[in-house]
Amino acid sequence: MTISADHTAQEPATKDAAPQDPASEAVRKFGITAEDYMLPARHQIQMVGPDGTLNPHTEQGTQPGHEYGLPSDAELLAAYEQLVVGRRVNDQNSALVRQGRMAVYPSSHGQEACQVAAALCLAEGDWLFPTYRDSVAVMARGVDPVQTMTLFRGDWHGGYDPAEHKVGIQCTPLTTQLLHGVGVAHAAKLRGEDTVVLAMCGDGATSEGDFHEALNFAAVFHLPVVFFVQNNQYAISVPLAHQSVAPSLAHKAVGYGMAGERVDGNDVVALLAVLGRAVKLAREGSGPLLVEAHTYRMQAHTNADDATRYRQDSEVAEWLAKDPLSRMQTYLTGRGLLGDAAVDRIAEKAEAVAAQLRDGLGEDVPVDPQDLFNYVFSTPTQQLKEQSAMLADELARDAASTTTEAGK
Amino acid sequence: MSPTVTTSSEANNNVSAATARAAAKAAVEAEKTGPQTITLAKALNTAMADAMHADASVLVFGEDVGMLGGVFRITDGLTKTFGQARCFDTPLAESGIVGMAVGMAMNGMRPVIEMQFDAFAYPAFEQIVSHVAKMHNRTRGAVKLPMVIRVPYAGGIGGVEHHCDSSEAYYAHTAGLKVYTPATVADGYRMLREAIDSDDPVMFMEPKKLYWSKDQVDLEALRAEHAANTARGTSSEGRAAVARAGTDATLIAYGPSIPTALAAAAAAAEEGRSLEVIDVRSIVPFDDETVCASVRKTGRAVVIAEAHGFASVASEIVARVQERCFHHLAAPIRRVTGFDVPYPAPKLEHYYLPGVDRILDAVDDLQWED
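Chains as they are written, first to last, in the numbering used here: chain A, 35 to 442; chain B, 354 to 723.
No lab work stands behind these hints, which were simulated from the structure alone. Heads up, some of the hints might be wrong.
Cut-off 25 Å, straight-line C-alpha distance, at most; resulting in silico cross-link-like pairs (SDA-like, lysine to any residue) [as the list claims (entries may be wrong)]:
no. : chain 1 : residue 1 : chain 2 : residue 2
1   : A       : K419      : B       : A525
2   : A       : K419      : B       : R626
3   : B       : K650      : B       : D718
4   : B       : K497      : A       : L418
5   : B       : K497      : A       : K356
6   : A       : K419      : B       : D718
7   : B       : K497      : A       : Q417
8   : A       : K419      : B       : H526
9   : A       : K314      : A       : S282
10  : B       : K497      : A       : T206
11  : A       : K356      : A       : L88
12  : A       : K63       : A       : N408
13  : B       : K497      : A       : D189
14  : A       : K419      : B       : E642
15  : B       : K497      : A       : V401
16  : A       : K419      : B       : T527
17  : B       : K497      : A       : T87
18  : A       : K356      : A       : H335
19  : B       : K497      : A       : A197
20  : B       : K497      : A       : T413
21  : B       : K497      : A       : Y166
22  : A       : K419      : B       : A409
23  : B       : K433      : B       : A409
24  : B       : K497      : B       : H516
25  : A       : K419      : B       : Q675
26  : B       : K497      : A       : Q181
27  : B       : K497      : A       : N408
28  : A       : K419      : B       : F679
29  : A       : K314      : A       : T67
30  : A       : K356      : A       : S128
31  : B       : K497      : A       : K314
32  : B       : K497      : A       : P207
33  : A       : K419      : B       : T643
34  : A       : K419      : B       : R491
35  : A       : K419      : B       : K497
36  : A       : K419      : B       : C645
Covered, in the sense of this in silico footprint (three residues per stretch, anywhere, with C-beta under 8 Å from a C-beta of chain B), are these stretches of chain A [as the list claims (entries may be wrong)]:
no. : region
37  : 83-95
38  : 202-213
39  : 216-227
40  : 400-411
Nothing here was measured: the structure is a model prediction, and the numbers come from that model. Don't be surprised by glycine CBs; every beta carbon is placed ideally from N, CA and C.
Can you build the whole structure from these sequences, using the hints too?
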C-alpha cells in the first residue's frame, strides 16, 4: 500500500496551469469571489415545480457558479422507480409497526426524493453513511430490504455488513456517523483511491458538536465528502427556528471553507443534479461540499410520537401538495417518458418489495442467546466465556425443568 | 493547511527518502545490541515507530503529535521519519479525532491516536462508548476496529486540574473495549505493540508520571520476542505479571501505582514481611488466574489504585478476588485508593495519592494476630 504524503494540502495552483478547483474556476469564469462561490445560490435550486412542470432555466434558482444540467432520461426513470419503491417501503413498514411486527420505524414518507437521490448519485465503491431515518436510501444502495430492517425488527442492532455494501450502519447518535464518513474518505485518499463519501444527517442534527467537527475535519484534510442535510423542518417536535438562526443550513458551509448549496428536497430532478455535481466535484478533488435539501417529514417522528401536538394540519396539507412522487410522475408522463406499462411494472416491483418485507418481518426469527457473547470482541475474554457458560447452564436447567413438569 | 505543498510524486519521493532514512536509523540502533537504559516515553515511541515500519496501515494522529512530537514527546520524530501522511496533527477536537479514526479503521487503517490528557478525552466519550466499543458487536463481527486510543492518565506530576484524572474505570465499564496500562519500560514497548496488533480497540492508559522513569531494556530482545509471539500466536496480552514475589500478602496494583507498591513491599521486607506485588497490566481483559493464584498463596490482599475508590477498578478487583478466593482469605481485602474527591490541586495531591505509609497501614490491618 502506498500512503501519499502531505494529504492536508490542496493541489497547488500554479500560474501556468488552469485553476483546478471550482472556486478558482468560478472566480476566473464568472468574476465572483471564492466566498460567493462557497455561499449557496440566493434561492434553492428547483428544476421541476410541485405541479410537475419543468421550470424555465431562469427560474431554477441557478446563478453563475451554481449551474446545473438536467439529468439524463435513464437517470430520471431509475429515480422514479426507486421513488415508488421507497414510498411503498415506508408505508409497508409503518403498517408492520402498527401490527406489532416491528418495534419502531422512523418513516421517510415525503422525503423519498432525498433518499433516492442520495443513493443514486454515488458510484460503485462510494460509501453512504445513513441515519436511522434513511432506510430507503440504504435499500436503494442495494442492501436487502429485510436485512435493512433488522435494526427495527429487534433481533440485532444491524442486519448487513457495512463493508460489503459500503453503507455504514444506520446511526442513531446524531451526526456521529459523519465523522466515520470523514475517516473512510481520509483512508481512501491516503491510498490514492477516488472514493467519495456521502454522509447524511437531519436539520436538528446540525446542532450537534460532531456536525461541526466532521465538516471542519473534512475541510482541513480536503476530503471527498458530500454532507447531505435533509432539512425536514422538525427535530422530533422542535422546529428549525429553535435549532439555528443561520440564513440557511447550507450557509454554514462557508464557515468551513467549503461550498454549500440548497435544493428543493421534494424535487428529485434537482436533487440528482445538485448531488450529482457535488459528488463529481468531490471526486475531482474539490474537497468537501454541503448540500441542504428542504423537505418535510409527512408523518410523526416515529409511531411513538404525536405530531398533532406541535404542528398544524394546514402545514402538512401545504407540503402534501409538494409531494415528490406525484410531481415526478406528472413530469415524466408529460415528457412522454413514462407510459402505463412502465407504471404498472414499477408498481408491481414495489409490491414485490412490500411482500418481501411482510414475509421477512412477519416470520419469528429465532435468536441465539449465545450471540450476546459472540461478537463483543474478536476473541471472547475469559470473563465472557464464564458468563456464556453461566447462561447456557441456566437455559439447560430451564429446559430440563420444563421437560420434567411436562412429564408429570 | 500544511505549510509545505508538494505534488504527489514529490510526496512519494519524500516517503521513500524518509523510509530509507528510517531504515538507516533502525540499522544503527540494531547495532546497539544488549541492554540500554531508556525511558518509558522512548519505549512507547519505539513501539509506534516499529509498528509503522512493519505495517503501512498504522497511522498516528492527534493534537500536537506532528512536528512537536506530542506534549509529552511520545510521538517525537514520527512525522520526520514517516511523513505527514502517517503521523499528523488534527484540528483540536477529540470527538473528531476518535470519530475519524473509527472511519479509517473501518476502511483498512490501524489508527493509533493520542488524547492529549485524560480529561481532554471526555469530548470523545460518545464516540468511544457508542461506536468504538460497539461496532464489532453491532455488525456481528463484520466490522473490526483495530485502533488504539492512547491516554496519558493519572496524577503525581503536579498538574493543574483536568490534567491528572484516573479515567480507566469509565472505559473498563464499557463492554467492548480492551483497557491496558503498562507500568514498566519493557511493558511500554511490549504492550503498545500488542495493542496496535489487536483487531479490537484498545484504550491504552499511559501513567504520565512514569514517562520519564528509566530502565535497562534490550530493545532487540523485545523486538525478537514480539516477532516470535506474532509467529506463534502467543503473547503476554491480557496477562498480569508478578512484579515482586512474596509469601505473606499480595499487593494488587497497576500503572502509576506499581512503583509505590514495590516501594511498600521493599519497606515491608525490612520489617520482615514478604509482600508479593501483582501488576495487573491489562484491566480488560482481567487476568483472574494470576491474581487469584497469588491471593490463594498468601491469603491476604491489598488493592492499590490512584483512582477514586467508589465504583472503581479497585472495587471490581476486590469483588472478583473475594468471590474466587473467599476460603483462602485470612482477612478482608483492603483497598488503598484516591479519596472520592475531584483530583486535588498540586499542593494537595500528596494527601490524595496512595503512598507507602498508607499501603503499609492497610497491610498491618490484615488481621495478622488471628
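Evaluated hints:
1. K419(A) with A525(B): Within the cut-off at roughly 17 Å; holds.
2. K419(A) with R626(B): 37 Å, violated
3. K650(B) with D718(B): 18 Å, holds
4. K497(B) with L418(A): Status holds; Cα separation ~18 Å.
5. K497(B) with K356(A): With a Cα-Cα distance of about 43 Å, the restraint between K497(B) and K356(A) is violated, given a limit of 25 Å.
6. K419(A) with D718(B): 36 Å, violated
7. K497(B) with Q417(A): Distance of about 20 Å is within 25 Å: holds.
8. K419(A) with H526(B): Holds, at roughly 17 Å.
9. K314(A) with S282(A): Roughly 23 Å between the alpha carbons, so the hint for K314(A) and S282(A) holds.
10. K497(B) with T206(A): Given that 25 Å is the threshold and the Cα spacing comes to 19 Å, the pair holds.
11. K356(A) with L88(A): Given pair K356(A), L88(A) holds - Cα atoms ~14 Å apart, limit 25 Å.
12. K63(A) with N408(A): Judged against 25 Å, a Cα distance of about 59 Å means the pair is violated.
13. K497(B) with D189(A): 21 Å, holds
14. K419(A) with E642(B): 14 Å, holds
15. K497(B) with V401(A): 23 Å, holds
16. K419(A) with T527(B): Within the cut-off at roughly 17 Å; holds.
17. K497(B) with T87(A): Cα-Cα ~49 Å, so violated.
18. K356(A) with H335(A): 19 Å, holds
19. K497(B) with A197(A): 10 Å, holds
20. K497(B) with T413(A): OK: K497(B) and T413(A) at ~11 Å, within 25 Å.
21. K497(B) with Y166(A): Satisfied, since the Cα-Cα distance of roughly 21 Å is no more than 25 Å.
22. K419(A) with A409(B): Answer violated: K419(A) to A409(B) is near 34 Å, above 25 Å.
23. K433(B) with A409(B): 15 Å, holds
24. K497(B) with H516(B): 31 Å, violated
25. K419(A) with Q675(B): The hint holds at about 20 Å.
26. K497(B) with Q181(A): 20 Å, holds
27. K497(B) with N408(A): 13 Å, holds
28. K419(A) with F679(B): Holds, because 22 Å separates the two Cα atoms, which is no more than 25 Å.
29. K314(A) with T67(A): 22 Å, holds
30. K356(A) with S128(A): 21 Å, holds
31. K497(B) with K314(A): 30 Å, violated
32. K497(B) with P207(A): 20 Å, holds
33. K419(A) with T643(B): 17 Å, holds
34. K419(A) with R491(B): 19 Å, holds
35. K419(A) with K497(B): Since the Cα atoms of K419(A) and K497(B) sit roughly 20 Å apart, the hinted pair holds (cutoff 25 Å).
36. K419(A) with C645(B): Given pair K419(A), C645(B) holds - Cα atoms ~18 Å apart, limit 25 Å.
37. 83-95: This one is violated; 0 residues, fewer than the three required, reach chain B with a Cβ under 8 Å.
38. 202-213: holds (count 6)
39. 216-227: Held - the region 216-227 of chain A has 10 residues with a Cβ nearer than 8 Å to chain B, which meets the minimum of three.
40. 400-411: holds (count 5)
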